[in-house]
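4 protein chains.
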Amino acid sequence: MIVVMNQGATKEDIERVVDKLTQLGFRVHLSEGVERTIIGVIGDERQLAGASLEVLPGVEKVMPILQPYKLASKGFKEEPTVVDVGGLKIGGGHFQVMAGPCAVESREQILEVAEKVKAAGATILRGGAYKPRTSPYSFQGLEEEGLKILAEARERTGLKIVTEVVDPRTVELVCRYADILQIGARNMQNFFLLKEVAKVDKPVILKRGLSATYEEWLMAAEYIMSGGNYNVILCERGIRTFETHTRNTLDLTAVPVIHSLSHLPVIVDPSHGTGKWQLVHPMAVAAVAAGADGLLIEVHPNPAEAMSDGPQSLTPENFARLMEDVRNIAQVMGRKIGTLQ
Amino acid sequence: MIVVMNQGATKEDIERVVDKLTQLGFRVHLSEGVERTIIGVIGDERQLAGASLEVLPGVEKVMPILQPYKLASKGFKEEPTVVDVGGLKIGGGHFQVMAGPCAVESREQILEVAEKVKAAGATILRGGAYKPRTSPYSFQGLEEEGLKILAEARERTGLKIVTEVVDPRTVELVCRYADILQIGARNMQNFFLLKEVAKVDKPVILKRGLSATYEEWLMAAEYIMSGGNYNVILCERGIRTFETHTRNTLDLTAVPVIHSLSHLPVIVDPSHGTGKWQLVHPMAVAAVAAGADGLLIEVHPNPAEAMSDGPQSLTPENFARLMEDVRNIAQVMGRKIGTLQ
Amino acid sequence: MIVVMNQGATKEDIERVVDKLTQLGFRVHLSEGVERTIIGVIGDERQLAGASLEVLPGVEKVMPILQPYKLASKGFKEEPTVVDVGGLKIGGGHFQVMAGPCAVESREQILEVAEKVKAAGATILRGGAYKPRTSPYSFQGLEEEGLKILAEARERTGLKIVTEVVDPRTVELVCRYADILQIGARNMQNFFLLKEVAKVDKPVILKRGLSATYEEWLMAAEYIMSGGNYNVILCERGIRTFETHTRNTLDLTAVPVIHSLSHLPVIVDPSHGTGKWQLVHPMAVAAVAAGADGLLIEVHPNPAEAMSDGPQSLTPENFARLMEDVRNIAQVMGRKIGTLQ
Amino acid sequence: MIVVMNQGATKEDIERVVDKLTQLGFRVHLSEGVERTIIGVIGDERQLAGASLEVLPGVEKVMPILQPYKLASKGFKEEPTVVDVGGLKIGGGHFQVMAGPCAVESREQILEVAEKVKAAGATILRGGAYKPRTSPYSFQGLEEEGLKILAEARERTGLKIVTEVVDPRTVELVCRYADILQIGARNMQNFFLLKEVAKVDKPVILKRGLSATYEEWLMAAEYIMSGGNYNVILCERGIRTFETHTRNTLDLTAVPVIHSLSHLPVIVDPSHGTGKWQLVHPMAVAAVAAGADGLLIEVHPNPAEAMSDGPQSLTPENFARLMEDVRNIAQVMGRKIGTLQ
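Chains as they are written, first to last, in the numbering used here: chain A, 1 to 341; chain B, 342 to 682; chain C, 683 to 1023; chain D, 1024 to 1364.
Calculated directly from the structure, the hints in this document are not laboratory data. Among the clues, some could well be false.
Computed footprint of chain C on chain D, listed as stretches where at least three residues anywhere in the stretch have a Cβ under 8 Å from a Cβ of chain C [unchecked claim]:
1) 1075 to 1081
2) 1140 to 1146
3) 1154 to 1166
4) 1240 to 1248
5) 1265 to 1278
6) 1321 to 1329
Every residue gets a Cβ at the ideal spot worked out from N, C-alpha and C, and that includes glycine.
All chains, please: the whole structure from these sequences, using the hints.
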């Protein structure tokens, strides 16, 4: 950490900061420049999280140097984490495609879509039983009934199941049915939910918040990891910008950035990332080219009748077409696409 | 709602949309323009929340016309809502100042700050017992112990208490101590928490999410109101933009905008809105001038030792100075500042 | 265009709007809904650009339906525009790579880099002779001297030349040397410069402004086209968001979106889009996969000594490695990569 | 400046950076921390503008410490700059209101509005003769004809004139008529225009770019000042965010922030800042309360007929009402409102 004193800072101001840092167990390094003094702080600055040096007289700004996350960082673990979902591997060159509808609407819908996405090459079935909807008047999900339908689809097809968990009170229940828990974008900083999924032994897909920086996203992963669950898969799903033509702005650069900062796998959701099914195909293949470890794609047997996210859902036919390009690009890029045994 | 067909749309495409809308119980109005046909839809478009007309062939876009919120809208209730907190009124010309530290750290801290903010003119004491912190390694709050300290401060000073609720499992517990519940910015779309505070009979301060539009914010209020709790106070606390000099970008225009769209009171938190105590004073008085129904200000007896948000906390002395300007501006603007009996 | 009247609008309010529209030569279509009246306006709404219906009593909002651009739209021209740069084609499946340093610094630098990017497969050399720098104290470019160096490099290598034009007074001069003019992001809405490049018969690369919507970007293209120059190539180079880890947020979705709205070719600049050379390779190949019609890449013989944009410049060796992956992906995607005769 | 080496940096990597800095004339200060070495750099880091230390092996990041602007900074000049416009003072407690239409449309319009805004208390008349419009099909301004009309209005009323300059080729012409030149938001980084207005001896209002940081804004001021023109007035006019209900998001916090970083005066334009005339009044008074040194307000005799920006223009009657509140708040805040002699 660097403490930059302002131009008018007095000797007393500098001593006060030095004293405070020394008391807290840090070593300091004074450097008197042309215009101002800067104080280098040696020690683990993460222990300063609470203290407010900015408030001391004469302090202009405090600049952290270390990343605030530890367990999620490359400094902690150099080689990529490979998350294992009942034999399916994600990360470190292993690539999986997860597909299915936004919401579980009925048994028929799920069983139909499961067969079709499996046939096209997906290995994991997605579908929401608890839906965090912007409007209280929208369909809120089938709840446990929906989880049972997903489990039946798994039994019939062998696909693994990923579904969203939205409430600390239902984490345990969802764990009984799901192979992977998903934390949605709006819950990325629902810290009390993160603490709950930290306690279970299921992998967690952690979606990036709508306006979360890379650092905040990795700090959310740190919540889960520091609570004991190391199987975190990050998912880029678009951020909020000034552009309204698309639902969100898909930030594909997140893929190589996260790979440079962290050992965790990162997948991409081009369905939420764009909000328009016509844009899903090009952005999905671009995600593979950018180095993503997997895709999360919304597929609905009849998008016009979808109870949620119809405009961004692919038909099974379009999904099958997408999978061909995904396979081609993945091959060129040397990625191993997972298959069911 | 307006459905805009694209230039190449066929008669069949148009009929398909008309048929679907008619089946759903809407009346339609065709208008064939120079370049394209548009379909006016008559009926309560909010009932369409699930349907995905955009997916039908020939549809270019669907433009909603009605606001998606009802109970929070001026259409539902023209005159301003005045929220009553044990005799203190907020809204409709009534103005209250809420002040106190970010986090409850100790009994001494709270009792000291309570006496001082009361002396300066605040009527409501703020302080967090459960802290949603970006880092899992930061101080996470005193929990029920903190709530008890707040309650003791109320008993001694007569100040009302506002404190944050972060987890559906502790809403009931917090209600035992607090006069107002606060939903933090990161939980604005934690719908399962919103549904919980909708069931209690305490007023709720609903902070605007970091990247929430006015409409999404009012939809979050709608969650609480549609669940039965009409005493919602909106709180502007800054949004996330590209500017990093300040912690957030305080959007004071939210005050007159919300007053034009909704009957609910709206207060301003310039402490989180700026992140720097030097900026709190000018932005607090600007908020009063813009028409805010109250202020939420972080005050700490010793900001340099604060366990959270020190840099944006006023000292009690600076808070007292601020209150003078607040009173002056409020008087010019014809606002009634609340006082304790 | 749709005019939405508010709930309290009177008959007189509605008549006033109808009269005004009728006087302006539009036909109108009244539709009385459950809660409010909406007025459909038939005629070319672009002629209303000046009029301010929102100001009339009883008007809640005015919603345009047509895109405000004509010549740049797919409605004007369905098949993709193929821009011809002295035999090199861009657009409609034809793909070119433009590479070179941010700034022309010296004859040696340019001749060296030109040979190397040509050897790796680039067909067009980039380099700035006029530099729009954030700081008045930074290197501002070699001006005409720089243009002459670029022309010499063209003569020696056969590479075409793209260089930025920054001032209406030097458009003519730059045209004497350049094969393609570039309008930088900060000048996307420098309308008086756009009007100048509209008059010349050189293709123009129009970079997207830092906070320009797709519509504003296409409107800037419309300025150039309506002035007579139809050879516009759009270039996505990243937008400004809250994320500061990268210099900008590269919005690759712009590629399929522009292809859906316009017939103009769109290329990608991952160097400015990310600001870090380590991220250029993955984002360049992702751009090809997303469907881009070309790439604009910063290459410097010695990035550590670059007078501008060193951190985002590839070495010639890294550029050669990138070209291999670009070729592989382009082949899979069916794109024709240009070569010099 | 601080150079942070990464964890794997070798001794050679560190020496390479130290050598390079020493060659460039800097003194360095090594500090070996627990996890990494940091290098403090002593000397005027602004001289490094070109060099790219980030590219050297082992360098993790380079953190500037000094602000990149000099002449615009408080370090250069502590007391506030008071700009004198023919006897009218702006800054240092002196406050002026500038009002008038977006565009000069006709002699009648300008003479009428000039009389009315003068009667209400404005001292400076605004009006655009050259209009930078998003659409090439919109009204582009009366050009010199418009300037002459403004000059006539000045002669009749004694109001000073502010008008926008958009093209380096017409700066001289505009100077013949205007008392203050305005640089619009879209031209804030049109550096070749900035260099031109730097040469004249008229005060310049420099509007903040749509997505400009405070630092970039002050760097644009630095362009004008380093070219010789010290009479720069900054103007906050809203930034681009995700919120679309308002035209821009007015960032009033810019006022105290600029006052803390710079000696230059800062005024506020709530008309562009909100885009809706109903919001202009509350945000104008809030701007005064926040400490603004002036206001720039769009007033049109008949907003419904305005050729540009009608929805955000006040009628003369509403402007007169606003001026009453402005005077009241200014008095409470101890600001001196200018009057014509």
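Just to make sure I understand the rule, a stretch counts as covered if three or more of its residues have a C-beta closer than 8 Å to a C-beta of the chain. Does the stretch 1265 to 1278 of chain D meet that for chain C? violated (count 0)
Outcome, coverage hint (the stretch 1075 to 1081 of chain D, chain C; C-beta under 8 Å; three residues): Holds, because 5 residues of the stretch 1075 to 1081 of chain D bring their Cβ atoms closer than 8 Å to Cβ atoms of chain C.
Count the residues of the stretch 1140 to 1146 of chain D whose CB lies closer than 8 Å to any CB of chain C, then report whether that count reaches three. violated (count 0)
Within 8 Å of chain C's CB atoms, at least three CB atoms from the stretch 1321 to 1329 of chain D: coverage verdict: holds (count 4)
The stretch 1240 to 1248 of chain D covered by chain C? Criterion: 3 or more residues, Cβ-Cβ distance below 8 Å. holds (count 3)
Checking C-beta pairs, does the stretch 1154 to 1166 of chain D have three or more residues closer than 8 Å to chain C? holds (count 8)
Comparing the model with each numbered hint stated earlier shows that hints 2, 5 do not hold.
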